[in-house]
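Just so you know, the protein sequences line up as chains A and B, in that order.
In terms of numbering that gives the first Met the number 0, the first sequence has 73 at position 74, counting the first letter as 1, and numbering is strictly consecutive.
In terms of numbering that gives the first Met the number 0, the second sequence has 135 at position 136, counting the first letter as 1, and numbering is strictly consecutive.
Read the hints as simulated data drawn from the structure, not as lab findings.
Keep in mind it's a predicted model, so treat the numbers as computed, not measured.
We put the CB at the ideal spot given by N, CA and C, even for glycine.
Don't take each hint at face value.
Straight-line Cα separation of at most 30 Å, DSBU-like style, residue types lysine-lysine; simulated pairs [said to hold, decoys possible]:
no.: 1; chain 1: B; residue 1: K91; chain 2: A; residue 2: K145
no.: 2; chain 1: A; residue 1: K29; chain 2: A; residue 2: K16
no.: 3; chain 1: A; residue 1: K52; chain 2: A; residue 2: K8
no.: 4; chain 1: B; residue 1: K177; chain 2: B; residue 2: K31
no.: 5; chain 1: B; residue 1: K92; chain 2: A; residue 2: K145
no.: 6; chain 1: A; residue 1: K52; chain 2: A; residue 2: K145
The following residues of chain B were derived to be distant from chain A, with all beta-carbon distances above 12 Å [what the hints assert, rightly or not]:
no.: 7; residue: H62
no.: 8; residue: T125
no.: 9; residue: K177
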Amino acid sequence: MEEVIAEEKIVTVLREKFADEIISVESPYKFLTVTLKADKIIEIIKFLYDQEKYQYLTTLCGIHYPDQKSIVVMYQLHKLTENKRIRLKIALSEENPVVPTLTTVFPAANWMERETYDFYGVIFEGHPNLIRILNVEEMTIFPMRKEYPLEDQSREDKNNQMFGR
Amino acid sequence: MRMETVSLNNVKVSESPEGLEGAGFFATSLEKAVGLARKNSIWPLPFATSCCGIEFMATMGSHYDLARFGAERLSFSPRQADLLMVMGTIAKKMGPILRQVYEQMAEPRWVLSVGACASSGGIFDTYSVLQGIDRIIPVDVYVPGCPPRPEQIIDGILNIQKLVETESLRRRDSKEYKDMLNKYGIE
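Extracted from the complex, chain A is given alone in its bound form (with noise of 0.2 Å):
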């Protein structure tokens, strides 16, 4: 019960300075999400990390929603002293994602921000080196991005009769 009433804390700071970025609240397997608008993102984990002391960037990753045609980033922070933990997900379209760049405040977003545009293709601005970190430099495309059917249906290298399919 004591855990519940400490997130709800959260919460309420974050409902009285940001008031007009929360759009839900939900708890999915026990672990509070905040949704929240893209625009104050990195001044809200800002604030966490200065006045909450959610000191420590868990991971950062790329979602994609083909339905609603959204990408969404997802940050994971964590505050050490107490052990509480806290998602910050925002929604940005799938044409132009664009999200200001989280180094400033933990520089350790720099690899995963990296991870995040080679495979979705987020646009973190002013990240000091956003190149491809995992696939090969010249590929095209943003593999995780599901707007790719499972294989491509026209290869002719791996055919039926010779790889039993």
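Once you have looked at the hints, place chain B on chain A.
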């Protein structure tokens, strides 16, 4: 189980090639003598990227013992290697590195592709994985399996040995060979 005593009588010496024999001399063609020597002293370069590499370790170990075929001296420098053994998934990003290793090897050089991934991409039918190393370098022998057992790898080596033994000394200078390399964009 019957214990076999190991004595020099059990050691199998490779057969001498065809030739002319007489009292105090033996004459054969240079090609055959070189083939025999090369065949039984292959220096492999292991390029192991995943589970097939583990099977290779078993192949090199005392139980399967690739040393029996004269290939126990692994060369971890491509310059001194005769045989490039590619074992495991080759991601597209790894492709140029594999190619560079192949290019650094001195002629004559052979390539053994071990396992489904190296031979065809295997189960990794995806954007990030090279669908068979024969897209970037020529391959002499393919060993199927996921991963292949050490016996299969040894079988692949024996097939390489057959190629090494019977290869013409002029093959690497031939136009056909150069054309084949050019098809892969090498040289």
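Taking the hints in turn, this is what the structure says about them:
1. Proposed proximity of K91(B) and K145(A) is supported: the alpha carbons are some 21 Å apart, at most 30 Å.
2. The straight-line distance between the Cα atoms of K29(A) and K16(A) is roughly 24 Å, inside the 30 Å bound, and the hint therefore holds.
3. Proximity of K52(A) to K8(A) is assessed by CA-CA distance (about 14 Å); at most 30 Å being required, the pair is judged to hold.
4. For the proposed pair K177(B) and K31(B), the alpha carbon gap of about 23 Å is at most 30 Å, so the pair holds.
5. Distance hint between K92(B) and K145(A) is fulfilled; the C-alpha atoms sit about 22 Å from each other, no more than 30 Å.
6. Distance hint between K52(A) and K145(A) is unfulfilled; the C-alpha atoms sit about 36 Å from each other, more than 30 Å.
7. With a cut of 12 Å on Cβ distances, H62(B) stays outside the contact zone with chain A, its closest approach being about 32 Å.
8. For T125(B), the shortest C-beta to C-beta distance to chain A comes to about 8 Å, within the 12 Å cut-off, and the non-interface label is violated.
9. With a least beta-carbon separation of about 26 Å from chain A, K177(B) lies farther than 12 Å from that chain, consistent with its non-interface assignment.
Hints 6 and 8 from the earlier list are contradicted by this structure; the remaining hints agree with it.
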